[in-house]
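Peer 1: One-letter residues, chain by chain:
2 protein chains.
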Amino acid sequence: MLGNFSYCNPTRLYFGEGAIENLNAELPKYGKNVVLIYGGGSIKKNGIYDKVVEILAKNGKNVAEISGVMPNPTIEKVYEGLEIARKHKADLLLAVGGGSVCDYAKAIAVSVHCDEDPWDKYFLRFEEPTCEIVPVGCVLTMVGTGSEMNAGSVITNRASKLKIGHVFTDAAVMPRFSVLDPTYTFTLPHYQMVAGIYDIFNHICEQYFSGEDDNTSDYIAEGLMRSVVHSSRIANKDMRNYEARSNIMWTATWALNTLIACGKSTDWMVHMLGQAVGAYTDATHGMTLAAVSLPYYRHILPYGLPKFKRFAVNVWGVDAAGKTDEQVAQEGLAAMESWMKELGLAMNISELGATEEMVEGLADATLTMKGGYKVLGRDEIVAIFRESL
Amino acid sequence: MLGNFSYCNPTRLYFGEGAIENLNAELPKYGKNVVLIYGGGSIKKNGIYDKVVEILAKNGKNVAEISGVMPNPTIEKVYEGLEIARKHKADLLLAVGGGSVCDYAKAIAVSVHCDEDPWDKYFLRFEEPTCEIVPVGCVLTMVGTGSEMNAGSVITNRASKLKIGHVFTDAAVMPRFSVLDPTYTFTLPHYQMVAGIYDIFNHICEQYFSGEDDNTSDYIAEGLMRSVVHSSRIANKDMRNYEARSNIMWTATWALNTLIACGKSTDWMVHMLGQAVGAYTDATHGMTLAAVSLPYYRHILPYGLPKFKRFAVNVWGVDAAGKTDEQVAQEGLAAMESWMKELGLAMNISELGATEEMVEGLADATLTMKGGYKVLGRDEIVAIFRESL
Numbered sequence: 000m001l002g003n004f005s006y007c008n009p010t011r012l013y014f015g016e017g018a019i020e021n022l023n024a025e026l027p028k029y030g031k032n033v034v035l036i037y038g039g040g041s042i043k044k045n046g047i048y049d050k051v052v053e054i055l056a057k058n059g060k061n062v063a064e065i066s067g068v069m070p071n072p073t074i075e076k077v078y079e080g081l082e083i084a085r086k087h088k089a090d091l092l093l094a095v096g097g098g099s100v101c102d103y104a105k106a107i108a109v110s111v112h113c114d115e116d117p118w119d120k121y122f123l124r125f126e127e128p129t130c131e132i133v134p135v136g137c138v139l140t141m142v143g144t145g146s147e148m149n150a151g152s153v154i155t156n157r158a159s160k161l162k163i164g165h166v167f168t169d170a171a172v173m174p175r176f177s178v179l180d181p182t183y184t185f186t187l188p189h190y191q192m193v194a195g196i197y198d199i200f201n202h203i204c205e206q207y208f209s210g211e212d213d214n215t216s217d218y219i220a221e222g223l224m225r226s227v228v229h230s231s232r233i234a235n236k237d238m239r240n241y242e243a244r245s246n247i248m249w250t251a252t253w254a255l256n257t258l259i260a261c262g263k264s265t266d267w268m269v270h271m272l273g274q275a276v277g278a279y280t281d282a283t284h285g286m287t288l289a290a291v292s293l294p295y296y297r298h299i300l301p302y303g304l305p306k307f308k309r310f311a312v313n314v315w316g317v318d319a320a321g322k323t324d325e326q327v328a329q330e331g332l333a334a335m336e337s338w339m340k341e342l343g344l345a346m347n348i349s350e351l352g353a354t355e356e357m358v359e360g361l362a363d364a365t366l367t368m369k370g371g372y373k374v375l376g377r378d379e380i381v382a383i384f385r386e387s388l
Numbered sequence: 000m001l002g003n004f005s006y007c008n009p010t011r012l013y014f015g016e017g018a019i020e021n022l023n024a025e026l027p028k029y030g031k032n033v034v035l036i037y038g039g040g041s042i043k044k045n046g047i048y049d050k051v052v053e054i055l056a057k058n059g060k061n062v063a064e065i066s067g068v069m070p071n072p073t074i075e076k077v078y079e080g081l082e083i084a085r086k087h088k089a090d091l092l093l094a095v096g097g098g099s100v101c102d103y104a105k106a107i108a109v110s111v112h113c114d115e116d117p118w119d120k121y122f123l124r125f126e127e128p129t130c131e132i133v134p135v136g137c138v139l140t141m142v143g144t145g146s147e148m149n150a151g152s153v154i155t156n157r158a159s160k161l162k163i164g165h166v167f168t169d170a171a172v173m174p175r176f177s178v179l180d181p182t183y184t185f186t187l188p189h190y191q192m193v194a195g196i197y198d199i200f201n202h203i204c205e206q207y208f209s210g211e212d213d214n215t216s217d218y219i220a221e222g223l224m225r226s227v228v229h230s231s232r233i234a235n236k237d238m239r240n241y242e243a244r245s246n247i248m249w250t251a252t253w254a255l256n257t258l259i260a261c262g263k264s265t266d267w268m269v270h271m272l273g274q275a276v277g278a279y280t281d282a283t284h285g286m287t288l289a290a291v292s293l294p295y296y297r298h299i300l301p302y303g304l305p306k307f308k309r310f311a312v313n314v315w316g317v318d319a320a321g322k323t324d325e326q327v328a329q330e331g332l333a334a335m336e337s338w339m340k341e342l343g344l345a346m347n348i349s350e351l352g353a354t355e356e357m358v359e360g361l362a363d364a365t366l367t368m369k370g371g372y373k374v375l376g377r378d379e380i381v382a383i384f385r386e387s388l
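Those protein sequence lines, which keep their order, are chains A and B.
Using numbering that gives the first Met the number 0, the first residue of the first sequence is number 0, and each one after it goes up by one.
Using numbering that gives the first Met the number 0, the first residue of the second sequence is number 0, and each one after it goes up by one.
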């Protein structure tokens with residue numbers, strides 16, 4: 000059944016090759032002081048940085064920069080960026096990069112005018128902003144997180160080995176606009192591309208494998224999963240296939256902008272397991288999810304058998320005739336495993352640098368979620384990590 | 000391929016039983032003068048009117064009313080409502096009803112502060128508003144049109160026998176908020192319910208059967224179609240099934256809020272044919288669409304064969320093994336026909352009051368669209384109407 004919910008996603012999306020030109024329509028809506036936020040500098044090699052700076056100059060903006068935002072952005076980096084944004088009296092935070100850069104910009108957005116410590120307030124206590132929120136705009140260069148059209152922000156605290164995501168309720172935390180040009184993702188290494196693809200797929204799974212009914216959200220989720228599987232197979236062989244990359248980009252946005260969570264309890268346990276691995280190893284987010292997924296899903300399969308059967312038939316085209324539900328469900332996960340191997344995803348956490356010795360610590364760092372088919376005990380979390388080694 | 004596009008849908012949706020209480024959160028955002036807009040008065044019988052009036056009073060609003068908005072709202076009724084809205088200095092237009100009431104409210108919204116004639120400006124010349132737009136809020140009591148989350152408005156000019164829809168580009172024309180309580184649709188007659196269901200299904204078809212690729216929009220569209228077919232079969236037998244009615248309501252919103260049109264050329268030829276029938280007979284919108292659909296789709300099938308084959312397999316579960324593409328495609332339409340008959344939809348325009356003598360006039364009143372698989376000539380339009388008799 001569709002539970003009660005509210006839905007509001009006001010982000011304006013500009014999609015397609017050359018969509019960057021729409022910055023000229025958006026920038027005049029905001030004040031003069033822009034903080035340009037980006038990562039390790041790859042945008043300086045592929046020309047995106049120059050293009051953005053040119054458009055900012057043309058629109059008479061006064062620009063400060065926060066560079067070097069890392070793949071799993073840290074709270075220490077947030078403190079550093081806050082000084083820059085405050086000193087610059089930021090009217091707009093323009094994130095140019097992937098989900099990490101966008102997540103980081105949102106953490107800055109809710110903290111510039113906040114008197115409290117953002118780690119404590121937003122990531123330990125999960126509070127909503129009570130101060131003015133600085134608008135965020137996004138130019139996306141990596142695909143997967145969906146951060147371009149949601150109010151989520153995942154920040155890592157290296158000192159306490161915690162990687163925590165907060166999906167804010169206030170729609171003002173969402174990017175006001177996002178520019179999605181599929182060609183901007185062409186130069187990404189294959190490893191990053193497939194990690195992003197699995198991130199997308201897993202976002203859909205986390206929402207799909209929860210609740211107990213077959214509501215509209217599940218039907219949309221199946222469409223999105225089939226689309227990403229279809230396009231990923233093309234992109235895996237031909238990274239510059241515009242059609243495949245554009246469909247992957249668009250699917251990513253809808254996989255995590257709250258639509259398919261409507262009326263669902265949602266799970267997010269794979270993310271909790273994967274984020275613990277990420278906090279320990281600093282491995283690429285999508286790969287940490289891939290490495291723990293199958294042990295997790297095989298573990299919870301008996302508790303959500305009808306849904307795993309439906310997944311097998313509707314997403315993977317498994318023929319159910321003459322088979323038990325259990326067999327059909329297992330065939331679905333086997334098809335998913337083949338696809339994951341075909342893409343070259345990390346199939347265990349050892350290859351990401353995790354060790355047997357880390358397992359207890361990983362379990363300690365794993366938050367337990369309550370929306371899936373089975374609320375895991377600590378012993379089950381430990382068993383899943385062992386299985387994932 | 001996904002063509003370039005922009006997407007922005009800021010409508011805030013409140014979904015579920017009891018969602019009307021969220022009016023208390025929305026109303027304080029607007030000024031004191033509210034114009035309450037509704038149809039033939041059924042909301043006075045089922046208690047919705049009393050509830051809305053109570054909440055308006057509690058929030059200290061100064062309320063004027065426009066009542067008697069008809070199923071195919073006329074431009075004459077718009078002129079009448081404009082006088083009321085102008086005299087009342089409306090700060091908010093609150094539409095309580097189905098798509099007609101909501102469409103009507105949007106026509107008022109763009110016209111209150113407009114010096115030109117709204118019929119000429121918006122429906123003959125398809126211009127965007129150049130004046131201030133009065134905010135619209137919606138409490139939905141009938142499902143189908145998707146008007147609760149889009150910027151479309153369909154208005155009929157009885158004098159010229161034209162029924163014209165304009166989808167405005169400006170997101171400010173969309174309802175600022177919509178209240179979607181599935182129980183509000185329980186008292187609707189079966190005929191209206193199934194007409195609404197076919198309207199939803201056809202909205203998806205109009206977008207799906209266009210373009211030539213299998214992009215993400217098509218995958219989402221298939222999920223929505225499967226959901227509405229599934230839930231309609233339950234609701235057809237049990238009109239008070241909350242789960243089925245809620246999924247139908249939610250699917251309706253996403254069938255026509257621009258999402259599945261993203262990157263697609265879109266067709267809308269069934270709507271043009273159906274709207275001509277509506278202008279002549281005043282028949283229920285969804286029924287006019289149902290009555291012309293199969294002759295139209297069978298006519299264009301040869302021009303979009305791969306898509307009709309995909310439709311058969313992915314939406315209707317037709318087994319393609321050992322059959323020609325043409326056979327598979329025809330089986331898909333046959334499955335659709337069975338479903339339509341099962342619901343009790345109008346299967347021809349004669350039962351809606353259209354006659355052989357009207358055919359030339361209907362063809363004259365039909366606008367030709369260019370986004371589908373075949374741009375129809377006048378002779379083909381005449382042939383399809385004859386086939387639909």
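Honestly, the hints are just simulated from the structure, not real lab data.
Computed from a predicted structure; not experimentally measured.
Just to be clear, a hint being listed does not mean it is correct.
Same chains, same names: a pair is fine if it fits in one copy or spans any two.
[Said to hold, decoys possible] Calculated cross-link-like contacts (lysine to any residue; reagent style SDA-like; alpha-carbon spacing at most 25 Å): (1) K28 x A171; (2) K373 x E242; (3) K60 x D213; (4) K373 x A56; (5) K50 x F4; (6) K373 x D281; (7) K57 x N3; (8) K236 x E211; (9) K60 x E25; (10) K28 x P9; (11) K369 x E242; (12) K28 x H112; (13) K28 x F4; (14) K57 x D237; (15) K373 x G343; (16) K28 x C130; (17) K31 x L332; (18) K43 x N347; (19) K120 x E336; (20) K57 x Y279; (21) K28 x T168.
Peer 1: Hints first: check each against the structure and report whether it holds.
Peer 2: Cross-check of the supplied hints:
1. K28 x A171: both (15 Å within a copy, 16 Å between copies)
2. K373 x E242: between (38 Å within a copy, 24 Å between copies)
3. K60 x D213: neither (49 Å within a copy, 41 Å between copies)
4. K373 x A56: Answer is neither; intra-copy 53 Å and inter-copy 47 Å both fail.
5. K50 x F4: between (40 Å within a copy, 20 Å between copies)
6. K373 x D281: Answer is neither; intra-copy 28 Å and inter-copy 54 Å both fail.
7. K57 x N3: For K57 and N3, the Cα distance is within 25 Å only across copies (24 Å; inside one copy 46 Å).
8. K236 x E211: between (37 Å within a copy, 22 Å between copies)
9. K60 x E25: within (12 Å within a copy, 35 Å between copies)
10. K28 x P9: Classified as both: same-chain Cα gap 15 Å, cross-chain 17 Å, threshold 25 Å.
11. K369 x E242: Answer is between: at 23 Å across copies they meet the 25 Å cutoff, but 38 Å inside does not.
12. K28 x H112: both (20 Å within a copy, 24 Å between copies)
13. K28 x F4: between (31 Å within a copy, 20 Å between copies)
14. K57 x D237: Answer is neither; intra-copy 36 Å and inter-copy 61 Å both fail.
15. K373 x G343: neither (29 Å within a copy, 43 Å between copies)
16. K28 x C130: Intra 21 Å, inter 19 Å, cutoff 25 Å: intra and inter.
17. K31 x L332: neither (52 Å within a copy, 57 Å between copies)
18. K43 x N347: Neither, since 34 Å and 62 Å both go past 25 Å.
19. K120 x E336: neither (39 Å within a copy, 57 Å between copies)
20. K57 x Y279: Answer is neither: 44 Å inside a copy and 54 Å across each miss the 25 Å cutoff.
21. K28 x T168: Classified as both; 24 Å inside a copy, 18 Å across copies.
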